[in-house]
Each structure stands twice: as C-alpha cells, then as structure tokens.
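Student: Just need the whole structure built from these sequences, with the hints factored in.
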Amino acid sequence: MTGMGHNVMYIFTPFIGLAANILMQIAVFRFFPRTGLLRSVFLGFACGFAVSLLIKPGVAPVSNIAIYILLGYCYFHFVNMGETARRIRILTELADAGNGLSLGEILGRYNSGDIIERRLARLVDNGQVTYKNGKYHIGNPAMLAIASALAAAKRLIFGRIE
Amino acid sequence: MNALFYGILTFFAAMLVHLAIWRIRLPGKNRALVLVNVFFWTLVLGVITLRGVSSYPDYIVLYCCLAAAYIVSYPAMEADSPSLAIVRNIAKSGKSGLDKNELRKVMTDDTLVVARIGDLLSDDLVRMDSGKYILTSKGRLLAGVFMRFRGLLNAPKGG
Chain A
1 MTGMGHNVMY IFTPFIGLAA NILMQIAVFR FFPRTGLLRS VFLGFACGFA VSLLIKPGVA
61 PVSNIAIYIL LGYCYFHFVN MGETARRIRI LTELADAGNG LSLGEILGRY NSGDIIERRL
121 ARLVDNGQVT YKNGKYHIGN PAMLAIASAL AAAKRLIFGR IE
Chain B
1001 MNALFYGILT FFAAMLVHLA IWRIRLPGKN RALVLVNVFF WTLVLGVITL RGVSSYPDYI
1061 VLYCCLAAAY IVSYPAMEAD SPSLAIVRNI AKSGKSGLDK NELRKVMTDD TLVVARIGDL
1121 LSDDLVRMDS GKYILTSKGR LLAGVFMRFR GLLNAPKGG
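Keeping their order, the protein sequence lines are chains A and B. Under the numbering used here, the first residue of the first sequence carries the number 1, and numbering increases by one thereafter. Under the numbering used here, the first residue of the second sequence carries the number 1001, and numbering increases by one thereafter.
It is worth saying that the hints were derived from the structure and are not from the lab. There could be a bad hint or two in this list.
[Claimed, not checked] Okay, derived cross-link-like pairs now, DSSO-like style, lysine-lysine, Cα gap no bigger than 30 Å in a straight line:
{"#": "1", "chain 1": "A", "residue 1": "Lys-154", "chain 2": "B", "residue 2": "Lys-1100"}
{"#": "2", "chain 1": "A", "residue 1": "Lys-154", "chain 2": "B", "residue 2": "Lys-1029"}
{"#": "3", "chain 1": "B", "residue 1": "Lys-1029", "chain 2": "B", "residue 2": "Lys-1138"}
{"#": "4", "chain 1": "B", "residue 1": "Lys-1157", "chain 2": "A", "residue 2": "Lys-132"}
{"#": "5", "chain 1": "A", "residue 1": "Lys-154", "chain 2": "B", "residue 2": "Lys-1095"}
{"#": "6", "chain 1": "B", "residue 1": "Lys-1157", "chain 2": "B", "residue 2": "Lys-1105"}
{"#": "7", "chain 1": "B", "residue 1": "Lys-1092", "chain 2": "B", "residue 2": "Lys-1105"}
{"#": "8", "chain 1": "B", "residue 1": "Lys-1095", "chain 2": "A", "residue 2": "Lys-135"}
{"#": "9", "chain 1": "A", "residue 1": "Lys-132", "chain 2": "B", "residue 2": "Lys-1095"}
{"#": "10", "chain 1": "B", "residue 1": "Lys-1105", "chain 2": "B", "residue 2": "Lys-1132"}
{"#": "11", "chain 1": "B", "residue 1": "Lys-1100", "chain 2": "A", "residue 2": "Lys-132"}
{"#": "12", "chain 1": "B", "residue 1": "Lys-1105", "chain 2": "A", "residue 2": "Lys-132"}
{"#": "13", "chain 1": "B", "residue 1": "Lys-1132", "chain 2": "B", "residue 2": "Lys-1157"}
{"#": "14", "chain 1": "B", "residue 1": "Lys-1132", "chain 2": "A", "residue 2": "Lys-135"}
{"#": "15", "chain 1": "B", "residue 1": "Lys-1105", "chain 2": "A", "residue 2": "Lys-135"}
{"#": "16", "chain 1": "B", "residue 1": "Lys-1138", "chain 2": "B", "residue 2": "Lys-1157"}
{"#": "17", "chain 1": "B", "residue 1": "Lys-1092", "chain 2": "A", "residue 2": "Lys-132"}
{"#": "18", "chain 1": "B", "residue 1": "Lys-1029", "chain 2": "B", "residue 2": "Lys-1132"}
{"#": "19", "chain 1": "B", "residue 1": "Lys-1132", "chain 2": "A", "residue 2": "Lys-132"}
{"#": "20", "chain 1": "B", "residue 1": "Lys-1095", "chain 2": "B", "residue 2": "Lys-1105"}
{"#": "21", "chain 1": "B", "residue 1": "Lys-1092", "chain 2": "A", "residue 2": "Lys-135"}
{"#": "22", "chain 1": "B", "residue 1": "Lys-1029", "chain 2": "B", "residue 2": "Lys-1157"}
{"#": "23", "chain 1": "B", "residue 1": "Lys-1157", "chain 2": "A", "residue 2": "Lys-135"}
{"#": "24", "chain 1": "B", "residue 1": "Lys-1157", "chain 2": "B", "residue 2": "Lys-1100"}
{"#": "25", "chain 1": "A", "residue 1": "Lys-154", "chain 2": "B", "residue 2": "Lys-1105"}
{"#": "26", "chain 1": "A", "residue 1": "Lys-132", "chain 2": "B", "residue 2": "Lys-1029"}
Tutor: Take a look at the structure:
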C-alpha cells in the first residue's frame, strides 16, 4: 500500500473505535440499566479504545490515540447533555407539548425544585456529597476542584465570572 | 507526532483569536456559531500557511476534534452548572453543612430555568408567539435528536 493509501486507511480507525464505543455504551445501559450512565460511558470508551488499537496492532500513531480520546470526550458530552442539560429538557418539554407552552406551564413541568432535587440525588449517589442529620456536606473534593477549574476558565475567557 | 504538534499549535492559535474577540467585544448572539467560525478560518489559514505538516488528513482531523471538544465544553463555561453551584454552596457552608431550603433561596426558577429559556430564544431554538414558547425548526431538530437518543437508551427525560 502507498503511504497516502495507508494514511487514508488508518485515519478511520478512531471513528471505528467511536462506533464501537457508542454501540457498547447503548447496549450496556439499555440492557443493564443498573450499571448506571457514567459507568456505561466508561465501559463504552474502554471497548472503543481496545477496538481502535486492535484494528492495526502496534501501529497506532499518537495522533490517532489523541483523536479517539477527543471523540470519546465529545460523545461523553453528548450523553451528558441528554442527561443533565436544562436547555435540552426545556426543548423536550416543548416538543412533547406540540403547540407551545407558556412560562407558567413550563415551570409546572420543570422547575428549580426538580433541578435541585435531581442534582442533590445524583451528587449523593455518586458520593460527591454526603447527607447527614438533614444537612449536605462535601463528600469528595473532585467536584469542588472541577468547579474551581471552571471558575478559572471563565475568568480567563470572559475576564470575570458572569 | 508532527500532525499532533501542528494540530495543537493551530488549536492554540484559534484559542488566542477566540480570547481576543471575547475580551474585546463579547458576541451578543449565537456565540457558538462565532466560535465555529473562529476555528474554521484558523484551520483554513493553518492549511494554507503550514508547510511542514507530514500528514494533512491527520492534522485536519485532529484539529477538528480538538475544536469540537472545546466547542461542546463551552456552554458549561457560559452557563453556571447547577450541580457545581450546589457543590460551591455546600463548600461555603463549611463543617456545619447546608440545608436544602437554603439552596432553594439562592437557586430560583429565574436563575435556573428562565435564564436558559432566554438562551434558547437568543440561539433561535425557540420563539415567542402569543405568550407561548414555540420550537423553531432548529429547536425541533435538536429536541428530536436527543429524544431519539434517550429512546435508544430507554432512559427517562433528563435535566
């Protein structure tokens, strides 16, 4: 095979890995929902990574590995948007309603109370927050580190925290 | 390695342009679209000017993936995530901990829901008609993608 032909072939391997990642993640979550969404994403990522390495063992260029990791990150974000994004939830409510909704109707279906409840439950389930004697405490400082990193990125991009 | 180096270099060049634009004059509407344009035109400039790239397909795909990863992360920097806001509030309360009602006082419908509806309006995903919010064709398409995907996962509505 010529150099260019070889190039064109291996550029597709991270995308084949991504396809394996998506199929695995969907299958795991659909048929074994108790695995949890985050764990299904990690399993899918590992499966896709193995597939992309196995296609051409020993000749996976560093750029291909980087491309697969970036594609996996984008897919994780897509899954996460469906799970947590408020804008997507509002769009979904409007799509379900068909003829549009007033502000009051939207808030009747989805409001700050729901958002706080869902997120506290998720944070407690993941061990990031603990609940003792009617009060919430930090369980794992990882989320706090992410919050600080995002605040720093905001300061860099916007010059302030909006 | 060469494609990796040039891909990252071009990405950082695009980030500098993005930071300069955002600091000088923050775009009012469709910021994601402005961001896509910044990344696209920086790539065009990179392809024209960079002579030492050994593999252009690798370079372009890697750069596009870096740009996509940044673009999908960008909304999290623009809109404050409620989970992170909750964690910050709990951290601020220190050893005494935080009551759910205290969270409800600072996290209201206005900040958590109404502000996001404003974003949907400015991104042309939703329009206002006779006091009702209605999906635009772009909004319907986006909602459809996520509804079908959640259907595949057999998962309930998110949020």
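Student: Does each hint fit the structure? Answer for all of them.
Tutor: A quick look at each hint next to the structure:
The suggested pairing of Lys-154 (chain A) with Lys-1100 (chain B) holds, with an alpha-carbon distance near 27 Å, which does not exceed 30 Å. Among the hinted pairs, Lys-154 (chain A) with Lys-1029 (chain B) is consistent with the structure: their alpha-carbon atoms are about 18 Å apart, no more than 30 Å. For a cut-off of 30 Å, the pair hint linking Lys-1029 (chain B) to Lys-1138 (chain B) stands: about 15 Å separates their Cα positions. Only pairs whose Cα atoms come within 30 Å are accepted, and Lys-1157 (chain B) paired with Lys-132 (chain A) is accepted, the gap being roughly 29 Å.
For the hint pairing Lys-154 (chain A) with Lys-1095 (chain B), the CA-to-CA distance comes to about 28 Å; that is within 30 Å, so the pair holds. For the suggested pair Lys-1157 (chain B) and Lys-1105 (chain B), the alpha carbons sit about 26 Å apart, so the restraint of at most 30 Å is met. This hinted pair checks out: Lys-1092 (chain B) and Lys-1105 (chain B) have alpha carbons roughly 15 Å apart, not beyond 30 Å. Proposed proximity of Lys-1095 (chain B) and Lys-135 (chain A) is supported: the alpha carbons are some 10 Å apart, at most 30 Å.
Annotation: proposed proximity of Lys-132 (chain A) to Lys-1095 (chain B) holds, straight-line Cα distance about 11 Å (limit 30 Å). Note on Lys-1105 (chain B) and Lys-1132 (chain B): the hinted pairing holds, with a Cα-Cα distance of about 27 Å set against a maximum of 30 Å. Simply put, Lys-1100 (chain B) and Lys-132 (chain A) have alpha-carbon atoms about 12 Å apart, close enough for the 30 Å limit, and the pair holds. The hinted pair formed by Lys-1105 (chain B) and Lys-132 (chain A) meets the criterion: a straight-line CA distance of about 20 Å does not exceed 30 Å.
Distance hint between Lys-1132 (chain B) and Lys-1157 (chain B) is fulfilled; the C-alpha atoms sit about 22 Å from each other, no more than 30 Å. In summary, the hint linking Lys-1132 (chain B) to Lys-135 (chain A) is not supported, as the alpha carbons are separated by about 39 Å, beyond the 30 Å threshold. Distance restraint check for Lys-1105 (chain B) and Lys-135 (chain A): the Cα-Cα separation of roughly 15 Å lies within the 30 Å cut-off, and the hinted pair is therefore satisfied. At most 30 Å may separate the alpha-carbon atoms for a hinted pair to count; Lys-1138 (chain B) and Lys-1157 (chain B) meet this at roughly 20 Å.
Taken as a hint, the Lys-1092 (chain B) and Lys-132 (chain A) pair is honoured in the structure, with Cα atoms around 17 Å apart against an allowance of 30 Å. Between Lys-1029 (chain B) and Lys-1132 (chain B) the CA atoms are separated by roughly 22 Å; this keeps the pair inside 30 Å, and the hint holds. Restraint check for Lys-1132 (chain B) and Lys-132 (chain A): not satisfied, since their Cα atoms lie roughly 42 Å apart, outside the 30 Å limit. With a CA separation close to 20 Å, the supplied pair Lys-1095 (chain B) and Lys-1105 (chain B) stays within the 30 Å bound.
The hinted pair formed by Lys-1092 (chain B) and Lys-135 (chain A) meets the criterion: a straight-line CA distance of about 13 Å does not exceed 30 Å. Proximity of Lys-1029 (chain B) to Lys-1157 (chain B) is assessed by CA-CA distance (about 28 Å); at most 30 Å being required, the pair is judged to hold. Restraint check for Lys-1157 (chain B) and Lys-135 (chain A): the C-alpha separation of about 28 Å stays at or below 30 Å, so the hint holds. Annotation: proposed proximity of Lys-1157 (chain B) to Lys-1100 (chain B) holds, straight-line Cα distance about 23 Å (limit 30 Å).
For the given pair, Lys-154 (chain A) sits about 24 Å from Lys-1105 (chain B) by alpha-carbon distance, which is consistent with the 30 Å threshold. About 44 Å separates the Cα atoms of Lys-132 (chain A) and Lys-1029 (chain B), which puts this hinted pair outside 30 Å; it is violated.
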